[in-house]
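Protein chains: 2
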Amino acid sequence: MIRLIVADDEHLIRGALVALLNLEDDIQVVADTDTSTGAVELAQEHRPDVCLLDLEMPPTDGLDASEKILRTVATKTVIVTRHARPGVLRRALASKVSGFVPKSTPAQELADVIRQVAAGKRYVDPEIAAAALSAEHCPLTERELDVLRESRGTAQIAQIAQKLHLAPGTVRNYLSTAMAKVDARTRHEAAETAWQQGWI
Amino acid sequence: MIRLIVADDEHLIRGALVALLNLEDDIQVVADTDTSTGAVELAQEHRPDVCLLDLEMPPTDGLDASEKILRTVATKTVIVTRHARPGVLRRALASKVSGFVPKSTPAQELADVIRQVAAGKRYVDPEIAAAALSAEHCPLTERELDVLRESRGTAQIAQIAQKLHLAPGTVRNYLSTAMAKVDARTRHEAAETAWQQGWI
DNA sequence: CGCCACCCGTGACAAAAGTCATCGGTCTAC
DNA sequence: GTAGACCGATGACTTTTGTCACGGGTGGCG
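Line by line, the protein sequences give chains Y and H.
Letter 73 of the first sequence, counting from 1, is numbered 73 in full-length UniProt numbering, and no numbers are missing.
Letter 37 of the second sequence, counting from 1, is numbered 37 in full-length UniProt numbering, and no numbers are missing.
I should point out that these hints are in silico values taken from the structure, not numbers from a laboratory.
Hints should not be assumed to be uniformly reliable.
[Claimed, not checked] Result set (DSS-like, lysine-lysine): computed pairs, CA atoms no more than 30 Å apart in a straight line:
id : chain 1 : residue 1 : chain 2 : residue 2
1  : H       : Lys121    : H       : Lys68
2  : Y       : Lys68     : Y       : Lys163
3  : Y       : Lys181    : H       : Lys163
4  : H       : Lys181    : Y       : Lys163
5  : H       : Lys163    : H       : Lys121
6  : Y       : Lys121    : Y       : Lys96
Please build the complete structure, drawing on both the sequences and the hints.
This is the structure:
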C-alpha cells in the first residue's frame, strides 16, 4: 500500500484528487492540506511514501515545500502544476523532485506516476522535458531578474527603484539590458517571456 | 438519478471531478469534455439534468457555453471558477446560470450544490455574492472596455489601434478616460483592476 | 597583473505614453 | 428640438520609458 499526502490550495480539486486516488486499491491518501507549510508538517508527521504537491500554493510554493520535506523526511515528491514552465522543471529536478506532471495529464496516468515514483523511479512529463531540454539557459543576471520580477505587476520604474533600493536610472539600465537579451520592446513583454521560461 | 456532464480543460481535474461525483449514489456523469464547444455538443446530445462548466476553458469560456446550452436545451448550468470576479457573477446570473462556485469550495459541498440546482433551486457562493453586491457598477463605456481588453497583454498603443481599426490618438484618449475613471496611473494598472472587477 | 562580468550610478537623448482642449457625427431621452 | 452620452479624430503638451555612452567599484581567473 502506497501512503500518500496531497497538498493543493483549491479545496475542490484537492478533494477530487483524494477521492480519485483513494479509488486505487494500492494507494491510500493519509492526509491533505491547502498550504505549503502544512505539507511540510504533514510529511514530518505521517512520513508518507509519496507527497503530491501543487506548484502554485500559498504561502510559498510546492517547490519550496518539496525541498524542506526532502531535507527532513525520507520520502518522494511529485509536483503538479497548471503552467508547466521549462525553467521551473530545471529547478525542480535540481532539488531532487521525483515526479513532475502538468494538470493537463489524463487522470488515469497520475496513479501510474505515483506508483513509479513510489518504486524509486522518476517520472517527468515528456512534453515539458522536451521543452526544458530545448530551452536555452537563462541569459539574465541576478539583478536583471530582480527588476523583471517587480515588472510583472503594474508598478512604475520609480516604485521598482524604491522597492529595490536603487536609483531609477539603474533600474532602467537593467531593464534595458534585459529587454535586449530577451528581444522585447517593453519591460512588460520582457517580464512576460522571462515568466514563461520559468526564470522568475 | 441526476444526469451530469462535466467540462474542464484540465484533464487531471476533470477526471478527478468525474471520479468524485460518480461516488455519489444519486449522481451519474454521462459525459465529459475539455472545450466549451464540446460542452455545447454534449449537452445537446445527452440532454443532462445539470452541466458543470469550468469558466476558464478554450476556445471561448464556460459562460459562453452556458448561454448556448440554455438556448437550445432544457437543462441547468453550474459555473466553477478559479478566480471569482464579482462582475463575472453578474453576467453569469444575467444569463440564467443556476449555480456559481469557486474552486476553493470544499469538495463535499459540490454534490450538494448540484442536487439543489437539479431540484430547480439556485446556488451562489455567499462570499462572491457579497462581493458582487458591494461592487459598484462598471463605469466604463464599451470602447473603453475594448481598449482595456487589448491592454492586458504587452501590446503597444499602435498595435492596439491597428487591431481595433482606430487612430492611435483615439486609443490614447479612451485609455486616458478609462484610467481616470478607475483611478489608475498606467493602462496596465487600469486593465488589471478592470479584470479584477470582472468588467473585461 | 590585466581582462572580464557583474554591480550601481549619471546625464543626454529619442520614443512611447498619458493629458487636455476641441472638433464633428450619431443616437437617445426629456 | 435640444441636452447629454457616446464614438472617432486631431494637435499640442508633459511625463514616463527606453537607449546609449560613460563613469567607478568589486571579485574571479588565467
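Original post:
Are lysine 121 (chain Y) and lysine 96 (chain Y) close enough, with their CA atoms no more than 30 Å apart?
Top reply: Cα-Cα ~12 Å, so holds.
Original post:
Straight-line Cα separation of lysine 163 (chain H) and lysine 121 (chain H) no greater than 30 Å?
Top reply: Not satisfied, since the Cα-Cα distance of roughly 43 Å exceeds 30 Å.
Original post:
lysine 181 (chain H) and lysine 163 (chain Y): Cα distance at most 30 Å?
Top reply: 27 Å, holds
**OP:** Sort out whether lysine 163 (chain Y) lies within 30 Å of lysine 68 (chain Y), counting only the CA atoms.
**Re:** 28 Å, holds
Original post:
lysine 121 (chain H) and lysine 68 (chain H): Cα distance at most 30 Å?
Top reply: Distance ~21 Å between lysine 121 (chain H) and lysine 68 (chain H) Cα, so the pair holds.
Subject >> Proposed proximity, lysine 163 (chain H) with lysine 181 (chain Y) (alpha carbon, max 30 Å) >> reply: Answer holds: lysine 181 (chain Y) to lysine 163 (chain H) is near 27 Å, not above 30 Å.
The structure is inconsistent with hint 5 alone, although it conforms to all the rest.
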